[in-house]
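Build out the structure end to end from the sequences listed, making use of the hints.
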Amino acid sequence: MSQIRAIVLRAAGINCDLETQHAFELAGAEADRVHINRIIEDKSLLDGYQILVVPGGFSYGDDVAAGKILANQIKHHLYEQVRKFIDAGKLVLGICNGFQVLVKTGILPFPDTSGQAVTVTYNDSNKFEDRWVYLAPVTERCVFIEKGRQIYLPIAHGEGKVVTKDQPTLEKLQSGGFVAFKYVDENGNEGGYPVNPNGSMASIAGLTDSTGRVLGLMPHPERHVRFTQHPRWTRLQAQDTSHKSQDAPSTSSGQADGITIFNNAVKYAGANL
Amino acid sequence: MKQWRIEVYNKAGFPDVQGASVLTDIKEFGITAVEAVQFARVYLIEADFDKDFADRLAKELLADPVCEEYYIGRSGAPAGLAKATLMEVHLKSGVTDPVAQSVTSAMNDMGIKPDSVRTARKYVLLGELNSKQIDTIARKILANDCIEVCVVGNDTEPPSPHIKPYELNLVHLPIRELDEQGLLRLSKQKDLFLNAVEMKTIQDYFKQIGREPTDIELESLAQTWSEHCVHKTLKSKVDMDLDGQHIQFNNLLKETVFKATKDLNKPWCISVFADNAGVIDFDDESAVCFKVETHNHPSALDPYGGAATGIGGVIRDPMGTGMGARPIANTDIFCFGDPNMKLEDVPKGVLHPRRIMKGVVAGVRDYGNRMGIPTVNGAIYFDDRYIANPLVFCGNIGIMDKNKCFKHQQAGNLVIVVGGRTGRDGIHGATFSSGEMTHEHETIFSHAVQIGNAITEKKMLDVLVQANEHGLYEAITDCGAGGLSSAVGEMGQDLGAEVDLDKVPLKYAGLNYTEIWISEAQERMVIAVKPENLDAIMKIFADENVEATVIGTFTGDKKLKLRYKGTVVGELDMEFLHDGVPKYSRKAVWNSSCVSRLAVAETATAAAGTAAAKPHDNYNDELLSILGSYNVASKEWVIRQYDHEVQGASVIKPLTGVSNDGPGDAAVIRPKYDSDRGVAISCGMNPCYGDINPYWMALSGIDEAIRNLVCVGAKTDRIALLDNFCWGDCTKPETLGTLVRAAQACYDGAIAFDAPFISGKDSLNNEFRRDDGTRISIPSTLLVSAISLVDDVSKCVTMDAKKPGNLLFIVGETKNELGGSHYSSLDNKYQGEVPKVDLKMAPKIARKVAEAIANGLVVSCHDCSEGGLAVALAEMAFAGGLGIEADLRGLPKNKDCDRTDAQLFSESNSRYIVEVEPKNYNSFAKLMLNLPFGQIAKVTGAQTLIIRDQNGKKVVNAEIKLLKQAWQKTFDW
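Residue numbers (the working numbering), protein chains in the order written: chain A, 1 to 273; chain B, 1 to 973.
A few of these clues could be false.
Simulated DEER-style distance windows between Cβ atoms [stated by the list, open to error]:
1) A:Glu30 / B:Glu959: 32 to 42 Å
2) B:Glu959 / A:Asn189: 22 to 32 Å
3) B:Lys2 / A:Glu146: 54 to 64 Å
4) B:Ala12 / A:Glu41: 49 to 59 Å
5) B:Lys919 / A:Glu186: 57 to 67 Å
6) A:Glu146 / B:Lys803: 27 to 37 Å
7) A:Glu186 / B:Asn251: 52 to 62 Å
In short, the hints are calculated from the structure, not lab data. Source: prediction; values computed, not measured. Glycine included, each C-beta is placed from N, C-alpha and C at the ideal position.
Encoded structure:
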């Protein structure tokens, strides 16, 4: 397996690039943080990578709407390159602001004649919130997701509510396997606030596209790649003193929940690209 | 050029959350006539394009295609709604509009270069409103007069964005012939905030050099000599009458707070009280630095902008420390008036405390979150005396290379300003914040409020980190108070500098040379660069669209020379500018017998038996009241609005426990991905005690900050402290007396705990003069912030009770110290003595508890602070979702502490509640030998908190669900 390379996009206001790079490095990839200006200058830059990541943050201050200005910039300067990247069988991951960007470019979940059939808008609470949520995987085709594994990650956003322009679109998301994750409680059941922290339709927390190689999600997997990032690690430790080391698993089923996303991406890329 | 107006609304069927939240705010103000509020964003664009492009712009960029719709032009009230009021909020001209900047760059991406873009917020209010209500809504809810204008109705045009350019007009201000009255008049007219002695010193200087000063010279001196920049009071000579004994300080700060640091002389202190932040060792390669600032006056006028620029400003302190640190954590501590105060009780010229609080929280949230810096620690205190002078403390911690902790600017280096442009915002911030506030401040000093744009700062940070890695500059500092005048003045202090003010990039035309020099426009840093590195560094900046401009040179002639388009507009000796400020001599008085008398009298009254003070059978109600009191109640509403996990370094979060909502004692972050070493951050503050005794207030703050660190597992031999003194008018000897006592306590506490102060800041004159001439002074408030290291973060502990069957010990003695306590405030009595600190015992206890945690003997640890033992036990129980059964017979206590209420609620310092597994009982007890400690409780599987008194009777018996509800409902906003 050759070295997998991930490009972590930087732009004004992107602020989760360092920890996202770190997560990919933990997963065995080589990860570079590259400013969007460099890619616009030299579009062939993307060719050297198998995974493109739009990390979290407040690109351009989330002015106008979250992710909108960066989405506009990508649409006008890089849309073709990103499409080619996906069509070449490569992977794209958008986290939080990156998810908002992917939706607002129309890359996720699918192209629409009106430009966008789905959007991400203000939380019902009209405020930014940092809290941990349980996520149940929904789709069968997304290569980033470990099937059947419910994961626990933090959200930190003010505009994370996924809405569709109409009911048929929502049905298409659900029946067409575009829903990557939904918000659930500890027992796997959907619920109101705060189980669904922002009021997303059908509790949607993340989306994939028709290829399953593009994933966008509001929660932050890069913030749960180690045991001590779990909000209750001191309790888990108290109950099971075998979990002493930093890299000990934070659930019984293996690694820290967030790292699975990065591991799966790197594993898929290694096997297929 | 055509002016386009595009309005963006929510589509029917999608909730209008902004409209809804304005409606909530209106209802909170008691206006019930409004039935609904519709919100719209408005874009005013001057550009040459046609209707087709306007549609495309609206569709593709400005309106969300799924949930929003747009209207080109000015839409009227919705059809069929006669009772609609249209209100539109515009920024005053000159105020930074970040959204407009983003829209401009996005339009460039679409191939159109607009001449100007402005944005506004439009509200359509449905309901029968009278003009008074409309005015209240406009002024108190929708707009802030300092920076915004609210236009009502559909025909009023917004203010023009165009400003006339400035033509040089050199102004001299003759002072050589003025008498004292004349000097003071000039100082007042020009808002210099310089007193007679200072004006006289300046007069003598200009007499000596044989000319009259220019306006920019006087302004430079006023900025540099302001209380805010030079800390005249804390550095002054003080004659103190302490209980009838005369003591003298030649320099108060040097002989108290700073002396402790010097006496302790820790090798791990790298740079203290010298740079923009205090720097200490982290590991072999890295150092961490910490600074806490206040932004009180601006936050009183414009809570959102004031707090945002408060956090924005303090982030630039680590960025400007040594050769620049990377910010890794924020802290915030606020003091407000009663958030439920009646509107009519709020003094004229003052914003309602709830509006101040919401605005301040939103400001810190938006700036801190956008910067991508986790806000990990904080506190909020309430007291009616903060009504007109809210306190906003913002702190930032940075990490840096250990070999880059010092600057080395040289003559010949270029002066470069990086980041944001200069505007009229924040003019006179330094001088204005050095004076008292009055009811007229909101109009007179609106220009002193700065407007922040976090993304400009983030972009600047991104490029400065790269420039630093490549070693392309020789020195860096931030433009804070005093703007360029302070930044260039300080950096060139030992060299001299010349600056061409017309080169400074401006946000808009019209600024005169003095405004350019003293503007406190945000997001600017000054760096010193060797000419040979200029091209390389400018490329790094340009590559990421960050503006940087050479504005002058560091010379070597020890003069400050200012030019505008070639004309010299100011020339001062650096020595006079920095060392010319006259030394002050102040009087202070403190009489502790008055205090003891007060304490004794109050105790006597209490003993005589007021209702709440009388010992009785059950204290459930008192416990519930204290849990729900403003200071103790859960601040989850605030904490969740801050991103406390960005950067992926979080170890101990501000909210903890089985439901992630218990009150963590201190934050721990792990700043380097390749190391398990952590940084722990905490604070302590007890303004209530200061009314009775400022000395013990200060020591209580130190003890509390250190307890919080110890509780999470921090090292006790690497604790560093920061002081922030917020006081009233210190020209009054009684007020200064309380400050001196607090400063003395800082010395004693630092020495006792072996914990040096590394940085500090003061904000004096936190007083308010009402329109009737009466004054409100804040309670003397000392914030102590503390930072330490954790060797291995996986050994940290949290405060939530962990497992039924575990034992709870209390370490530290409980005394009858209800003075200033939350228990005594239940009936507004500050009874008795305030908590003292046993300077011998307290550090021993801290060290032993820390050792027990490091040895893995402790599964949870929480300190007793506000509300005492009962509150601490309740918090541990509900945070852990477990019961606790306690028995006060196990309590180590002083012999004067036989009252049950004192045992439950006394806020005695240096006490820790520690949860230990039964198997570790012996090891733990052995470690605690010779310390006051006792087993007081057991964790249980029942969902109740039970506390038995000395007779074994249940004096507290409450379900943890009820306790938690009481604690959470106060700020369930």
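Numbers of unmet hints, in rising order: Numbers 1, 4 and 5 - these are the hints that the structure violates, sorted from lowest upward.
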